[in-house]
Every structure is written in C-alpha cells, then in structure tokens.
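*Asks:* One-letter residues, chain by chain:
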Amino acid sequence: MSIVLKQERAKQLPFGGIFAAVLGLTVIAWLFLNQSLGQVLLEWLPYLAKGFTMNVLISILAIAIGTLIGIVLGVMELAPFAVVRAPALVYVQIFRNAPHLVLIFAATYIFPFELVIFGNYVPFPDWVKAVVGLAIPASAHIAEITRGAIQSIPTAQWDAAQGLGFSRSQSLRWIILPQCIKRSLPPWMNLYASITMGTALASLVGVHELLHSANDASTAVQRTDFTVVVYLTVLIAFFLFCYPVSRFTQYLERRLASR
Amino acid sequence: MSLTVPTSTTLVELQDVHLSFGSNEVLKGIDLKVNKGDAVSIIGPSGSGKSTILRCINGLLIPQSGKITVGRTRVDELKTETERIALRKRIGIVFQQFNLFPHLTVLENITIAPRKILGISEAEANRHARDLLEKVRLEQKANAYPGQLSGGQQQRVAIARALAMRPELVLFDEVTSALDPETVGEVLAVIRDLVREGMTSILVTHEMRFAEEISDTVVFTENGLIVEHGTPDEIFSKSTNPRINSFVNGLGGRATPLHDGEGI
Amino acid sequence: MSLTVPTSTTLVELQDVHLSFGSNEVLKGIDLKVNKGDAVSIIGPSGSGKSTILRCINGLLIPQSGKITVGRTRVDELKTETERIALRKRIGIVFQQFNLFPHLTVLENITIAPRKILGISEAEANRHARDLLEKVRLEQKANAYPGQLSGGQQQRVAIARALAMRPELVLFDEVTSALDPETVGEVLAVIRDLVREGMTSILVTHEMRFAEEISDTVVFTENGLIVEHGTPDEIFSKSTNPRINSFVNGLGGRATPLHDGEGI
Amino acid sequence: MLDGFTTHFIDLMKTVGLNFEFLTSGYEVRMWLDGMVTTLVLVVITIPISLIFGVLFAAALTSGKKWLAVPVRAYVELTRNTPTLVQLMCGFLVLNMLISNALGGAQNNPLTPFFWVVAITGLHVAAFHAEALRGGIEAVPSTTIEAARAIGFNSLQILRYVELPLAVRSALPSIINNLVNLVKLTTVGSAIAVGEITYASIMIWTQRDNVVELMLVILLFFSLINLVVARIGFWLEKRLAVPGFGQ
Amino acid sequence: DATLDRIKARGKLTVGVILSGAPFGYIDPKTQEQKGLNIDVAKALAAGLGVELETQTVTPPNRIQFLQQGKVDILIANMQYTEERAKTLGYVPTPYDRVGGAAVGRKDSGIKDWTDLKGKTACVSQGSNYTQPLIEEYGAQVKALPSQPESLLALKGGNCDVAVHVSGTVSLMLEDRADEWKDYAIIIPSDLIPSDSVIWLRKGEGDTQAALDNIVKSLHVSGKLIEFARTNRLPSIAYLEEQQKKLKDGSQ
Ligand SMILES: Nc1ncnc2c1ncn2[C@@H]1O[C@H](COP(=O)(O)OP(=O)(O)OP(=O)(O)O)[C@@H](O)[C@H]1O
Ligand SMILES: Nc1ncnc2c1ncn2[C@@H]1O[C@H](COP(=O)(O)OP(=O)(O)OP(=O)(O)O)[C@@H](O)[C@H]1O
Ligand SMILES: [Mg+2]
Ligand SMILES: [Mg+2]
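Chains as they are written, first to last, in our numbering: chain A, 1 to 259; chain B, 1001 to 1264; chain C, 2001 to 2264; chain D, 3001 to 3247; chain E, 4001 to 4252.
Be aware that a few hints might be false.
Said to hold, decoys possible - No farther apart than 27 angstroms at their CA atoms in a straight line, the calculated lysine-lysine pairs in the DSSO-like style are these:
1) LYS3238/D with LYS2141/C
2) LYS182/A with LYS1141/B
3) LYS4087/E with LYS3014/D
4) LYS2089/C with LYS3238/D
5) LYS4087/E with LYS4182/E
6) LYS3014/D with LYS4203/E
7) LYS182/A with LYS1116/B
8) LYS4087/E with LYS4120/E
9) LYS50/A with LYS4245/E
10) LYS1141/B with LYS1067/B
11) LYS4112/E with LYS50/A
12) LYS3065/D with LYS2116/C
13) LYS4030/E with LYS4182/E
14) LYS3065/D with LYS2079/C
15) LYS4043/E with LYS50/A
Derived by calculation from the structure, the hints in this document are not laboratory data.
Taking the hints into account, I'd like the entire structure generated from these sequences.
*Replies:* Here's what the structure looks like:
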C-alpha cells in the first residue's frame, strides 16, 4: 500500500503547465468579455514584448559572463596557494550573501554612464549595468557550483591524469572540468531561472524591461482593470519563460539521479 | 638490500629510499633495481608500501631521502612540475581502480594524452590507439563509453591508455584486485603478452601464481622494507623466511584464489 | 486446506483468503488457524506469498476475498483507518530490515509508540522499555542510536519495540535473513525465549532447524497456497512431498546454514 | 558623547573618501536605524512563517490527496517561476486593490505593505522549503514507514514522528540556503515603501548622493545577518546529527 | 563651458525627462511616442540651441545621479526649485512653470488641510521633494513608492490616506478618469510648497545656464509656453500668463 502511494507521489503531473493554461485562458476569456480592454492590451503588447526582450537579453548576458567568471573563481577557490584562494573566497562570500537588488543599484550608481576607450566615448547604458549587477551574484553562485562539482570528482581521476603526464591545468581543462558539466547542469539552470527573474529588479533603476514597460503602460492608460491585466500579463510572460527551464532541470536531475 | 652498481642495462634504480606521511614512516630504506626488458613483481602484505614505491618511481610522491633513477633521470632531484611531467610521459601507470575518464569514449580515453600532451595528430593517434585496442582485444569497443564496459574490459582499456604514450616502463598497481574472478584472467593475459614482448614492467600483485609465472625477479615487502628478493623460484619455493612462506600460501596475506587466465 | 471450526482458544484464523496485485494473483485461497499460545512457522520458496500472509493478518494489506479473524475482529471487514490502527496495536510485527527509526535512540524507538499512541507516561514507558531491553539483553544500549548497533542488536531492538505495545500476537517476517551468520543466533535466542513464555507467534523463516525446534505447527507455502501443514515432525521428517523434502534439505530453497544460537 | 563619537566617525571616514555626513541629520539617521530594525524584524518574522508554511505545503504535496496536492503544486510552480518583485507588485497593487473593493472601500482593508512583503516573500521561500522537504520525505524508505504503520501510527503521526524528523535532517542544508535567500529577498520591500534598510538607504541617497557609503553598510549588514543564519544552521545540523544516519 | 561645448560638438542635447503621467510626460497610448509639457519644452530648447534632441527617461530615484554622471545634460523632470537642491546643482533661473503638491484622498476622509495630516500616511514617489515638509512640518507618515502610478494604486488599496504629487498630473487624471476616481478628490485646496519648476543642470555650467535662460525667457514672451500648456491641458495657466506679462514688461 505504502509503496503504491509512493509511486503515485513520484509521478509529477505538469501542474504548473495546467495552471498557466488556466490563468492564460481566464485572462483571454476576460478580454473577450471586455472587448475594449482587450483592444487596449493588444495595442500595448508590442511595447511590452520589447520590454521583455530586454529581460531575456540581460539574463543571457548576465549568466554568460557570470559563468565564465564563476568557473575561474571556482577553480581559484581550490588553488593550492592561499594568495589565489583567499580573494576568491572573500568575493564569493560577500556577493553570494548580497541581495540582487542592492547589487543592481550599486552597479547603476557606481559605474559611469560612458567609458572613454582610446579617446572614444563608449556608452555604458543602464541595461549593461544591470547585466553587471546580476553577473556578479551569478558568478559567485557559479563559483560555488564549480567548486562543488570539482570536489565531487574522485581524486583517482586526478591521479590517472597526472599518471599520464597531464599537468594540473591540463588535467583540469581536459579531464576534470568536462566531467563537471553534467553534474553542474541542473544547479546552473536553476541559477539561470533565478537570474532571469532577477531582471525584473532592473525596473527599479529605470531599465526599460518588462515590468517598467508595464508600468509605463498602466500610467498612460490609467485604467484599473488594464493595470490588473498588464500585471497578470507580466506574471504569465515570466512564467512561460522560466517554467520550461525549470521542468527541463527537474528532468535532468531525475535522469542524473537514476544513474 | 644489495647495493648494486648500475650497469648499462639498468632502467630503474632505488637506493635507500625513505618516505613518511607526517609521522608515519612508510618506506624505511628501499633498494631496488630493474633492468631494461625485465618484469619485476612486488608482493607483500597490505600497507607494506608497495603502491608507495610505484608512486615514487613516477614522481607522484617525493621521498624524504634516497636516490631514485629512471634511465638518466634523477627522479628525487626533479624540482619543477614540468620536469616531473616529462618523466611521467616516459612511464605508464595502471591503477587498481581503472580510473578511465567517464566522459570520453574508449578511443578518446586512449588518444587524449598523446594528442593533448605530445601534440600528435588525431589520425595518427587514432591509428596507434586501434593497434593498442587490438593488442588488448577490444577493437570492437572503440566507441563505447567506460560505463558500458565490464570491469575487465575497462582495465584493458586502462592498459592500452598507458601504452599510448609509448612508455619505456609500465607500472601495474594491483590491476586485478577490483575485478571479479571471472574477468581477472582477461587482464592477466594482456599483461603476459606485454611482458613477453619485452616491455619493462613493475607489477604489484596478489596473484602469486601469475607473479611466479611471468616475473624475472620477485620482491617481498613488509613494513616499508624489502625483506627478500630473488627469482620466482627462490621466493616461492626455496625461501626459508616463514613470513613469506605463509604469505605465499595464502595464510598471512589477502591472497585471492588464482585465475591466471590460462583458459583464455 | 482443512476448514477448522474456531474453538475458544483460536486467536487467528484465515479462511480462503485471495489476494492479487493487479493481475498478479499472490494468495490463491489460504486457510490457516493459530491457537492462543502457539508458535506457527511458515516456510516456503521465495515469492510464494509468506510475507503477504503476515501483512493481511495485521491489516497492512486487504484481501480481495476470504475471511480473516484475529480474536473477535474480522480483519477483512475493517473499513476505517482507525479500526485498522486499533487492530495493529494488538499485533506486533518484526521485519527482515529491522526498520528502526534512525533519528531516535534505542529507548525512544521502543517507547514512542506506547507514549504517542497509548498515551502512557514517559516514566512508565521507560520502565517497561528497560524490562524489554533486559529481555533482549541490550540493557546497556538504551541510549545508543540504531546507526551505532550491529545488525543483530538492531533486530533485537525491533523485537523489543514490537513487544512494547504488549501485543497478543507477534509476527516475525524473516527476521534473520539480513543478518550475518554470526549474529543470527542472538536474535533466534530471543525469539525462542518469547515462544517458551507462551507468546502467540507466527514466524516466516528460512532457518529450518530453528523452525523445527520451536514450532507447534509448521506450514509450507508454494505459489500462493498452503500445500502442507502439520507438526514439525510431520513436515521435516515424515513428509512424502518431494518439493518439501528438497526444500527442507536446502536444495530448493535459499536455506542458510543454521546458527541456532545454542551457544548464547 | 555619542555625538562626539559620530563626529569622529564621520571625520575618520572622510579621510578614506567616504561621506557619512548624513549621520548628523536627525531624521535621516532615525530612518536609517529604523530601516535596520525593520529588516531584522522582517527576517525574524518571515523565517518562522516560511518554515511553518513549508512544512504545511510539504505535507500537502506528499499527502496523496489530490485536492490538497494539486493547488499547492500549482502555487509552488507559480511562485518558483515568477519574479518575487512582480508577485509583490501583483499582490500589493492588484490583489490589495481588489480586496479593498471587495471589502467596500480602502478604509476597511487592514492589509499593509509590511503584510504583503511578509506574505509574498515568506510564502515564496516556503515553496522552496516544501520542495526540499518533499524530497526528504520521499527519500524515507517505504519499509521504515511500513514499520511505523505496523506499530499503529496513523498517517499524521507517521508524518510527525517519522517522516518529518528524517526529512528535516536531509533537507536542512537546502533549508538553510533558502533562508539565506529569504534574508536577501526582504529587500524587495523597498519597492512598496516598507521602511527596511534598502528603502531607508534609497531615501537618503536620492537626496545626498552617497550611494557607495550606504551600499557598503548594506553589504556588511546582510553579510552579518546571513553569517548568523548560516551559523545557526550549522549548529542545528550538528545538533540534529544522528550517528549512522546520512553521512 | 564643458556642457555647452559638448552639446555643440555632438550636435545633440540630451534631456532627462520623467514620464510620470500627463500632462507633463507620458507615452501616448496610440502612437507610443513620448508626449507632454516636459517633452515640448525639451524640443523647444533643442531647437533654440540649434541641435538635435535626445531624451532619456529618468525616475525620481535616479535622475540626479544621471545628471551628475553626465548621462544627461539637463533635467526637465518635475523637479521644483529648493534651496537644498540649489546647493548641489545648477539651474536655469527662469522657471518654465510653477507647481505645488496636491493631496489626493477619499472625499470622506475628513482631511481638509495640510495640518490634518499629522499622524496620517501620505504616499509620495521616491526622491520627491514633498517628503521632508510632509514629515517635518506636518508630522505625516511618508511612504515613498518607486513612482506615481504605484503611489496612486497604493492609495486605492487603502495603504495611504493621501497621495501627494504634482498637482497638474493628479488633477488631470481625476478629470479624465472621473468614473474610476469618483470617491476621490484633491482634498486640500492649497498646494504644498508651490515652487518653481526649473531646468536643472550640473553646477558651475554658467554658459549653458545663460543660453538656456534666454531660450526659456523667449518661450515665455512669445507665448509658446502658454501654447504648450494649452495643448497639454495643464489645469492652470495663470502663472504662465503672469510670467509672460512680467517678462514682456521687463523687456520693454
Ligand atoms: N596519501 C597518504 N597519506 C598518508 N598516509 C598514506 C598515504 N598513502 C598511503 N599511506 C599510508 O602508507 C602506508 C603504505 O601504503 P601503500 O598504499 O603503499 O600500501 P600497499 O602496500 O600498496 O597496500 P595495499 O596492498 O593495501 O594497496 C599505509 O599505511 C597507508 O596508510
Ligand atoms: N506491493 C506489491 N505490489 C505488487 N506485487 C507484490 C507486492 N508485494 C509483493 N508482491 C508480489 O507478491 C508475490 C509474493 O510476495 P511475498 O513478499 O509475499 O513473497 P515471500 O514468500 O515473502 O517471498 P520472500 O521469501 O522473497 O520474502 C511476489 O511475486 C511479489 O513480487
Ligand atoms: Mg596499494
Ligand atoms: Mg517475504
């Protein structure tokens, strides 16, 4: 009996998907019943979509930069020399504990709006600052993920690589890190989802992302029902973007666990 | 024990090698000489320092005192990582726990070191790898992943991988202890072929009858010392040391039943 | 097989019990009677339904048809969880995989059910638990955690835990199969004491000689049916059924060598 | 005396190029200190709320009862896959207004921004606790549960005395991690004028242009809180460790 | 000076504008272009300098930062003249408008005067210059939300007794969406700290200041500003008319 129950639990129905569908249908039905509202929303959709591309762009760049820096930091955390280890450890400790919001604020306020490179003015727009603000915590988290993954590789693999004549860095590059990818993919994707959701914070510093666009739209239209619908749209947009990522992560985790 | 003067054919020589881990003295003065083309077996109880000797020879461990020579290289005097890596390229080592790289296919496991370290072209490396796979009788498994192979097959790949660097010397550390009795034979057969072809080899093993059959010299270690060495006959049949006799006859050691692959 | 009329001393009775998991018919008409104070052993090959019979008796499984009576309770007709819990309080069961609660000490493992289910005071529960621990010879382990005990010790705690609810009946499901031969004896010794004190018990076991020694009745199951039952003598010595003979003599079953704890 | 100390501090900071001038303005200092207190209060309130609801959600998810599991699962998926800030805006701006309308006017609505921050962040993190606990509960061997059932425990007692104690032990590292995130998450309160430390800092730096200075304080402040949270977690792990269970 | 040189060199005037709602700055629901008095003034300034206009939307919490960093050359962002601000920033002496804060609240709230706000909650936007007087003079509890729409929604949700914002915006909104806001009104007749809307720039940029001041003056005199106010439906143009008259008289 108990065994049967367990199996039932383990089987995960795509409740989230069902939920999104229900929510989406409700909104559509509502818009259908209140045609003028639907009309207005339709007019604003391109504007909102433009905002959302900003979220996607920021999140992709932030995770890309964060991953590159994070891997380096993670390797540094395991370096045999304290001089290399210490700064990485301090960086990771501080920025893993720092609220995303604060880091985004910090990035937008501390960096200049343009950089002078070889006498040319290169603009440093706000959204790039948001990328930096999110890449910093991302790199701290990825450093931890990388460190954990490297430590989970049996030392025998290091022995084998060094026995063949690989140097430490070659072992890392060719033998150890490739094996880490599989183990760290699920936490990496979790982080990606969390960074994507963090992009909404960029609205607070004036980056024209989805939430900011929604705000503009509700300011301009000034209808309470429209405001409600716009916020629901924002919710659904993020959900549709993040939910597949999280489902795929769960699938990967299950597949790895069954190994 | 006997301090032999290196002759022109000596490939490996250890003289009075001492090594401790912290306060735990593991090697207490090891002397050992291996001639080019010879097969030397090291036997002895668990914890007596057998693996440690192998690790000293390829520079994975550095002794506190004593001389280690491989060819013209003074291993104990190597200072930099680069120098030690140059040494390791000349010495193949195979471990008890195969330690194949799980993310690479059999072929890639064998070719990665020649390609990335020696800079050999992929085509050339693959050709050599296929020759080696034929030698260990695994031609048809080139594209399998380690997870898809049996223990015995994995260990044979590990041997092929060690040979891919064309070493002058191969060290085998209890290569059959992690295998089930049925697959031990496959692996021993491969090693027997290698030794017969004249590859200089040092084997740590618990397969007494196998050691007896293929070795030129057998060395018995106990407590960080080489307590006896000689021809297989001297050790296995004519030794007067009661410790050795009881070990060899499976009383004192963890000697496993022998499957020497005669049937393969 | 023989449909006996319940007498005043009958404690457990199964009549024509059928049970399937999906399309897999596991019990195909079981009849069994256990008198108060008796020890009944169930023997038979793996998968023949022995564990399933025990689980039906304490209501962990509900048969598709047939009657099960424990004392005055019709087990097969119990409708609610509450009723089944009331039944289980009267029946102790000990499993092959001891299944102690790893986060509780030995004493807590034993007292948790009396305290939380019967509402007995902690002091009273502890007193009783210590008596039981003495009975299973583990007084000195009261404050250890299961992880700190050997398999045999854990199994004895599991028995004490089952007895803590002062059951009328104890079911033992292959309580020694997960133990190494050396600790089997400890556990059997405890069960022997219990049976001698007159505790009504049903034992699923592979320890043939033990079953022979302590049982009043032995039952042989095969393929979801009780193919024979009788006194130990009738089953172990006088049976004419060749299946039983070969099983009892360790050919057909997975009978393990006997360590009946005589020496403890 | 305190004033003297403040002046000294400001002068000292000036020598390293940091402007802590605002410490002389009574109303800003009060707001700033209140901000720290509010953050601490938020943390102290949301942590138990997240834990209580995490346990309830986990119980619902593993109850095997569809009418309990499905809505909770839907909530968990929704909250895990949408930004907390958007949830907060939806709750505070949209839901709150609808509630006001339903109650017949804003004056009857007792829900404050503080309530919304506590509710949204607490329940958000509760969803993560629930997932961790669910994993732990499902990892309890079915034989152990059967043993509990055979002793006579009912489902609730099994959850209370067997499944949860074991699940808590295996989920503790994730739970601590979630709590660290919860502490960080309380900063979204600044978006709806809950006067926690970030809000207070924003109010000050929009007037005074001393972002770096206040940012340093915030980073230190949160590092400190999270250090304490992680310490307590470590201590709990030690305390709950059972010989022979887990690693 | 540096700013004017740069504007000329680039041929571009970068103006920080705030989109806090009609009539000052908003996105046209139809064309999704920026509209409003702030935008019109910005356009006129760029035209007066003979350069192109580039607008950068700013929010109350980041507008000063943007100006200080040089991301924008000037701010036309609902920022009234205060002595505090004048200490750190430069400004164009001739105002382009004068506004004060209006308190929106429920008609039945019983609040009739600023002094009634003692102990009551007032919502403002973050960075608003009404914060300090509301707290220090009138003893109100201030809640600062990221921007005006959030503040007004908070008012509707019952989280504040009044929302205090630039009077032009709120009165236009109450008029346009009378239905939705039928229970609400501007409940305090007088404006809070009515002060001059000025164009802000970095401190010490004298040439830019002078150039812009001339343009603003001419906008007053030519009646352009009044025209902007009309097209954007500013509720009151009395101040602008008065300024026009004063400046006309002065120039004669
Ligand atoms: N990295 C290490 N650090 C500390 N002590 C070590 C280390 N490696 C080995 N030792 C100790 O050195 C001693 C000899 O180890 P070694 O592995 O050489 O023995 P062995 O003869 O190979 O035994 P076995 O047959 O079990 O492999 C042992 O007591 C072991 O505990
Ligand atoms: N929960 C279950 N679901 C489906 N089939 C089951 C379940 N439990 C037992 N079975 C099946 O019922 C049959 C009898 O099982 P049971 O455990 O009673 O056998 P057994 O006689 O106790 O065997 P063993 O000696 O191996 O313990 C087996 O074929 C088993 O696969
Ligand atoms: Mg060894
Ligand atoms: Mg069974």
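*Asks:* Going straight from one Cα to the other, do LYS4112/E and LYS50/A come out at no more than 27 angstroms?
*Replies:* 44 angstroms, violated
*Asks:* Are the Cα atoms of LYS4087/E and LYS3014/D separated by 27 angstroms or less?
*Replies:* Holds. LYS4087/E to LYS3014/D sits at ~20 angstroms (cutoff 27 angstroms).
*Asks:* Do the alpha carbons of LYS3238/D and LYS2141/C lie within 27 angstroms of each other, as the hint requires?
*Replies:* 22 angstroms, holds
*Asks:* Assess, step by step, whether the Cα of LYS4043/E is no farther than 27 angstroms from the Cα of LYS50/A, and give holds or violated.
*Replies:* Distance of about 25 angstroms is within 27 angstroms: holds.
*Asks:* Hey, LYS1141/B versus LYS1067/B, does the alpha-carbon distance stay inside 27 angstroms?
*Replies:* Status violated; Cα separation ~42 angstroms.
*Asks:* Given the hinted pair LYS2089/C and LYS3238/D, is their alpha-carbon gap at most 27 angstroms?
*Replies:* 35 angstroms, violated
*Asks:* CA of LYS3065/D to CA of LYS2079/C, is that 27 angstroms or under?
*Replies:* 18 angstroms, holds
*Asks:* Given the hint that LYS3065/D pairs with LYS2116/C, test it: the Cα-Cα distance must not exceed 27 angstroms.
*Replies:* The hint holds at about 25 angstroms.
*Asks:* Hinted pair, alpha-carbon criterion (27 angstroms max): LYS182/A, LYS1141/B. Please report holds or violated.
*Replies:* Distance of about 23 angstroms is within 27 angstroms: holds.
*Asks:* Compare the distance between the alpha carbons of LYS4087/E and LYS4182/E with 27 angstroms, and conclude whether the hinted pair is satisfied.
*Replies:* 42 angstroms, violated
*Asks:* Are the Cα positions of LYS4030/E and LYS4182/E separated by 27 angstroms at most?
*Replies:* Holds, because 26 angstroms separates the two Cα atoms, which is no more than 27 angstroms.
*Asks:* Measure nothing beyond the straight line between the CA atoms of LYS182/A and LYS1116/B; if it is 27 angstroms or shorter, mark the hint as holding.
*Replies:* Satisfied, since the Cα-Cα distance of roughly 22 angstroms is no more than 27 angstroms.
Violated hints, in rising order: 4, 5, 8, 9, 10, 11; the structure is consistent with all others.
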